[in-house]
Amino acid sequence: MMMTARRLRSIGWIATLVVCAALVMVLAFRVNALRSQVHQSQARIIELKQETAYLETEFETRASQQQLKAWNDVEFGYVAPTAGQYLNAERELAAYAKPPEPGAPAPVRVASADDAAADAPAMVSPMTGKPMAVADSGDAAPARLIAASADGDDTPAHPARHADAGLTALGDKLATVHHAAPAHHAAKATTAKAKTAEAKPGHHAEIAKAHKPAAHDTRTAAATHHVATPGHAPVRLALKEAKAIK
Amino acid sequence: MSNSSPVAQISGSGPAPVTGRLHYANVRARSLLTAKLRLLWVILGFAFFALTAFVRIAQLGWASQSAEHGALADALVPPRAEITDRNGVPLARAFPSYSLWFNPKALGTKGSPLVKTPEEVARALVQIFPGEDYNDLLARLKAGKPTYLHRRVLPEEANRVFALGEPALEFPRETQRFYPQGTLAAHVLGFVDADGQGKLGMEEFLNARLTDPAHRAEPVALSIDTRVQGAIEDELSHEMLETHAKGAAGVVLDVDTGEVLALASLPSFDPNRSDLADNDHIKNRATNEVYELGSTFKPFTVASAIDAGVITDMAVRYPARPLQVDHYTIHDSHDFGASLNVPEALIHSSNIVTAQIADKLGGQKLRDTMIALGMNQRAKIELPAKGFPIWPKGEWPRLRTMTVGYGHGLAVTPLHLAQGYAALVNGGLWRPATLFKVDPAHAQPGRRVFQPATSARIRQLLRLIVVDGTGKSAGAQGYRVGGKTGTAEKAGGHGVGYTNKHAVIATFAAAFPMDQPRYVVIAMLDEPQATVATSGQRTAAFNSAPVVGRLVPRIGPLLGVVPDGKRDVDVSDLTPLVANGDGE
Chain A
1 MMMTARRLRS
11 IGWIATLVVC
21 AALVMVLAFR
31 VNALRSQVHQ
41 SQARIIELKQ
51 ETAYLETEFE
61 TRASQQQLKA
71 WNDVEFGYVA
81 PTAGQYLNAE
91 RELAAYAKPP
101 EPGAPAPVRV
111 ASADDAAADA
121 PAMVSPMTGK
131 PMAVADSGDA
141 APARLIAASA
151 DGDDTPAHPA
161 RHADAGLTAL
171 GDKLATVHHA
181 APAHHAAKAT
191 TAKAKTAEAK
201 PGHHAEIAKA
211 HKPAAHDTRT
221 AAATHHVATP
231 GHAPVRLALK
241 EAKAIK
Chain B
247 MSNSSPVAQI
257 SGSGPAPVTG
267 RLHYANVRAR
277 SLLTAKLRLL
287 WVILGFAFFA
297 LTAFVRIAQL
307 GWASQSAEHG
317 ALADALVPPR
327 AEITDRNGVP
337 LARAFPSYSL
347 WFNPKALGTK
357 GSPLVKTPEE
367 VARALVQIFP
377 GEDYNDLLAR
387 LKAGKPTYLH
397 RRVLPEEANR
407 VFALGEPALE
417 FPRETQRFYP
427 QGTLAAHVLG
437 FVDADGQGKL
447 GMEEFLNARL
457 TDPAHRAEPV
467 ALSIDTRVQG
477 AIEDELSHEM
487 LETHAKGAAG
497 VVLDVDTGEV
507 LALASLPSFD
517 PNRSDLADND
527 HIKNRATNEV
537 YELGSTFKPF
547 TVASAIDAGV
557 ITDMAVRYPA
567 RPLQVDHYTI
577 HDSHDFGASL
587 NVPEALIHSS
597 NIVTAQIADK
607 LGGQKLRDTM
617 IALGMNQRAK
627 IELPAKGFPI
637 WPKGEWPRLR
647 TMTVGYGHGL
657 AVTPLHLAQG
667 YAALVNGGLW
677 RPATLFKVDP
687 AHAQPGRRVF
697 QPATSARIRQ
707 LLRLIVVDGT
717 GKSAGAQGYR
727 VGGKTGTAEK
737 AGGHGVGYTN
747 KHAVIATFAA
757 AFPMDQPRYV
767 VIAMLDEPQA
777 TVATSGQRTA
787 AFNSAPVVGR
797 LVPRIGPLLG
807 VVPDGKRDVD
817 VSDLTPLVAN
827 GDGE
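Residue numbers (our numbering), protein chains in the order written: chain A, 1 to 246; chain B, 247 to 830.
Hints were generated in silico from the structure; no laboratory data involved.
In this text the structure is predicted, and so the values were computed from the model without any measurement.
All residues carry an ideal CB built from backbone N, CA and C; glycine is no exception.
Derived lysine-lysine pairs resembling DSS-like cross-links, with alpha carbons at most 25 Å apart:
id, chain 1, residue 1, chain 2, residue 2
1, A, K98, B, K812
2, B, K529, B, K736
3, B, K632, B, K492
4, B, K747, B, K736
5, B, K632, B, K529
6, B, K492, A, K69
Stretch-level coverage of chain A by chain B, calculated; a stretch enters the list once three of its residues show a Cβ under 8 Å from a Cβ in chain B:
id, segment
7, 38–50
8, 75–83
Please work from the sequences and hints to get the whole structure.
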């Protein structure tokens, strides 16, 4: 009995020893495997970093100052911006949005793609698929608005009129070319305004003269919003450019 | 196992009790000893394993900490440190490029090393590398010795050579010095020769630093701005072509720190072709060649006179008729009437009036000013190629004082001029120029040459020259440029006599923006000719000044100078004194 116990114990010890040895070996193998993995990854990192440096150098060479200059001479023709293209502060930028002072000469209109808005197809009713009848009267509305503002009447202007006149002036001054998307916007705005005009035929004069807080109905607000939208984009663009230049 | 035997002996020794007891004791002692020994073995075994495991783990830990990291770092450290511009754009870096190597033993030692005839291979190679010489290639292929056939082979060229199907043509990949910007700032950078030694420029100056193993990994940032350097080289080479000038030089210097943002010397060379770099074009016109820079020195004379109290009133008029001094007559380019005041003299660039001011100031004081501006020694900059000025020795006689007053008889480099102008406009402090990026907070204190009030007056006068005078074509709108033209006839051989009236050095020294000067710009043309592009003129007003006029709008915004048409330096106290500013 004692003999078996002793034998068992010694066998147990040996087994423990063997297990420990095996564990150490497994550990060593795992560590080695991980190590070689790390080594591989590092080699890959080095390779990639060298590749990056190589490509960077190639890019720098292909985009060298002389190469850029040659491209500019042939292809782009960019020139240094002039003093007039810089604005000192947001205040100077905001001054562009000011409506013309009473009695000021009408802003000089230069040829621009603004007419594209007029040529844009009239809004089609989503229900019938036919052009909407209100489009005609809508075209007249902004014209009347501008006419009213150009009259130089001393009555305080309505916010909507203000924004419209101001943004027209801004558009002229920035000589913005409205391409497809803004033109669409403008058309929508026109339609919205047309709705206002049609819904309250008598009210329109009031909007133009504009002293009643009642004029702030939701539809006018919508019109204001729509009119403002196409004007906002160039302002933001101009700001961005100004920042980039600075 | 032997552990069963004592027990068997115990059971079999019953009949002899005395001896049996003794025997028992012996057996017990022996078995105890055996047990202890075995225990010891087991403990030793455990200890051994534990130690092995511990040592192994520790070893792994240590090894992965150092060896791997070192290998990674080593692989990415270039053999020569990178040089970048002030914004980190690489100007010189290690680049693994292919070379074309001829290995005659690639096909074994017997027979011809090439599959085709050497003539065919040489012809094909010349088609791929048009710059190579057919006969030279043929001779090298026939010689049968291992040699380079071409260095810096592009991958597509390597592919074409590979398509020839010649195993003897090999493409070892070698790390070489590469300048991505080509000839840009070549004189600043220099090049690396075949032995890996830096030559000329910062490659030579920084050779030890760039090859130091401890610092190779960190790039060296220069003060150069690649975009400004590109712009000035472009404008100068454009003007050089238009005027058929022999050469040109340009400097853009920060007036408050002395940093050189651009330093150009044309014609340039390609540092990538170090084999061809050793030619005449490595002469640096901006720091190595000295020139009499003519009228650009007049503001120094006037500033020195204001500082010394010789000029106290800008309205005082000086006679402007040709001046006879010691059998020598000082002339102006045109007749500007009977008399001129100081602003008019500068606007018209009158030698006669400046000579009189220099005379009143005296040789000693003018000389002291020039010494304070560093005109009597090599320019202070890191470049190894620095020319020594032609400096009149000893006491200056009256005529010498007068000629130096309008920029003759003293020859300096354009960099000297740039440093002097920086001191003129920055409030009067002279600082050495540097090609290293300087932290504005730790800029050199500089030494005072002019009083701040003098500097302010000179700023007004320089601005007037551009608004009303000879520098009109440098007046980039909104940048408040001020500056002075200078057209000096080139001295003949050994600095004696002016033999060729048509060989001139046309310089425009400018600073902007004049209400708070930030940068000095020097543009110099060597022997510009009168062409249609310059209205048939060869004076600085028609060639160098327009260079500055075109350059400033290109570099101003890059350097943080925003043009503003509503700001300018106040010259209202001087304008009434100027009758009519027609130039030079």
